[in-house]
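Chains as they are written, first to last, in numbering that gives the first Met the number 0: chain A, 0 to 127; chain B, 0 to 361.
Heads up, some of the hints might be wrong.
With beta-carbon atoms standing in for the labels, derived distance ranges [unchecked claim]: (1) A:100 - B:326: 39 to 47 Å; (2) A:105 - B:346: 33 to 41 Å; (3) A:112 - B:169: 27 to 35 Å; (4) A:105 - B:63: 56 to 64 Å.
Think of the hints as simulated: they come from the structure by calculation, not from any bench.
If you're wondering where the values come from, they're calculated on a predicted model, not measured in any experiment.
Glycine included, every Cβ here is placed at the ideal spot set by N, Cα and C.
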Amino acid sequence: MSATNGNAAPVILILEDEAMILLEMSFAIEDHGAEAIQAPSVRSALEAIEKARPDAAILDVNLGRNTTCEAVATRLGELNVPFVLHSGDLVRQGELIARIGAEVIPKPSSSDHVASRAIALARETRET
Amino acid sequence: MTDEPHETTPPTGSQASMVFDDSPNRFRASNVEQKFDGASGVLFEQAMAQTRMAIVLADPAQEDMPIVFVNRAFTELTGYSEDEVVGKNCRFLQGEKSDPAVVARIRQALESEDVVVVELLNYRRDGTPFWNALHLGPIYSTEGKLLYYFGSQWDVSDVRAARAEEQHAKMMARELSHRMKNMFAVIGGLITVTGRTKNIREEAAEINDRIRALGRAFETTLDEASRGSVELEPAVKAVLTPYDPDGNRIRFEGESLRVDPNVISTVGLAMHELATNAIKHGALREQTGEITLKWVAQADDGLEFVWRESGGPTIEKPECGVGSGLGIIDNLLKTVGGSLEHDWQPGGFVARISFPHHGRAS
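Hey, can you work out the whole structure from these sequences and the hints?
If you want it as structure tokens, here you go:
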């Protein structure tokens, strides 16, 4: 199932519309020896997923102009790809977050923490 | 039932409410079989007449359920005279923008003899709209026979407007909160990425910890920032919660106190440094220690915090003297005439922070 074999570095998809956070998160993923796939929009995230199934993902929830990560979360769910939600909009998006039902890390959090959670999920899923 | 002549003219102006409303009398005169007896009957009539709540009775036994009674408050609220409305169905109050879904709920309640409370946009005789909090339901005889439907109307336009304004303010606060957190996250990213390229990652991480503490403290102030002062305790707790995820290591003993918003940044940073110090050298270094944080408002607008650690590992004053973080806070407080005193007591670290002003008196 996995895009990578058991020993290769896990591939983590990052959906984040804020460039600086996307960059920081990518570095944090790479610092952990994993591979980061950067997606600044829902469309690019969906394209990346179809190209190669990631091992885990980090999803920003509110992507501006009434766009949310829900379509990406749904697709990842279909493919059994685990993910964490990284959001600074817990109050307004509470309903959506509850519906998606994934682990939530509130913004701002240390990128190292977010990265290690995503990589841990990738490893757990790989082992099962 | 409605063919009797009504001898009074409809009341006009605000003085009308001072005059006794004789509509119950006229209603009784035309409904001889429904007697209001005894003291309760008198009370009922007075209540109907004098209440500022508009009241309507409609007769479900007649075709199209016409109004058989309205009180003075109703004619004042709607601008219609009694003559104009008795004999008509209540729906003349509805208009272009009345919500059909709400009207359907009313109809359903009438069909099933239920009580319903709705808010509906209604129109006065002159066409001006008002928000009507309509309460309607069946009235039964002592034998359980359906006699009337009552409807009570209350103009809640002001309430609606206030609610909308509050809603808008809440929406703005949430948008602001989201943007602020995002901005803190961007700043954090900037610092991390810079630290990485300059190879000063540890320093960058330390700065980021401080910035995140500041963000948490400010987050609590957004909802009420427009009031000009903010509650101290939520800000203090927000800063310290990540260092005590189970909530059993840090005890808060402070009164409810509103402070100037600009006190929050210094307080937030100070609490963060004390917690960092406790993790490195004090009560939070191992699983056993506890901290009590007290704050007390002082005379002349002063504010004092006492941070007292206990039950932690036996501490020794760190070789390098005061942690650099506490040094920053001491300097910060001195610029505003405050101070940070600390003592590495054998039982635990104690710090005393004083602010000369927290915003009430100045």
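Does the Cβ distance between residue 112 of chain A and residue 169 of chain B fall inside 27 to 35 Å? 30 Å, holds
Beta-carbon spacing of residue 105 of chain A to residue 346 of chain B - inside the hinted bounds 33 to 41 Å or not: Given about 36 Å between the Cβ atoms, the range holds.
Indicate whether the distance between the beta carbons of residue 105 of chain A and residue 63 of chain B respects the range 56 to 64 Å. Between residue 105 of chain A and residue 63 of chain B, where Cβ atoms are some 58 Å apart, the hint holds.
Given a hinted range of 39 to 47 Å, is it respected by the beta-carbon distance of residue 100 of chain A and residue 326 of chain B? Taking Cβ atoms as reference, residue 100 of chain A and residue 326 of chain B lie about 46 Å apart, which means the hint holds.
Figure legend: structure checked against the earlier numbered hints; every hint is met.
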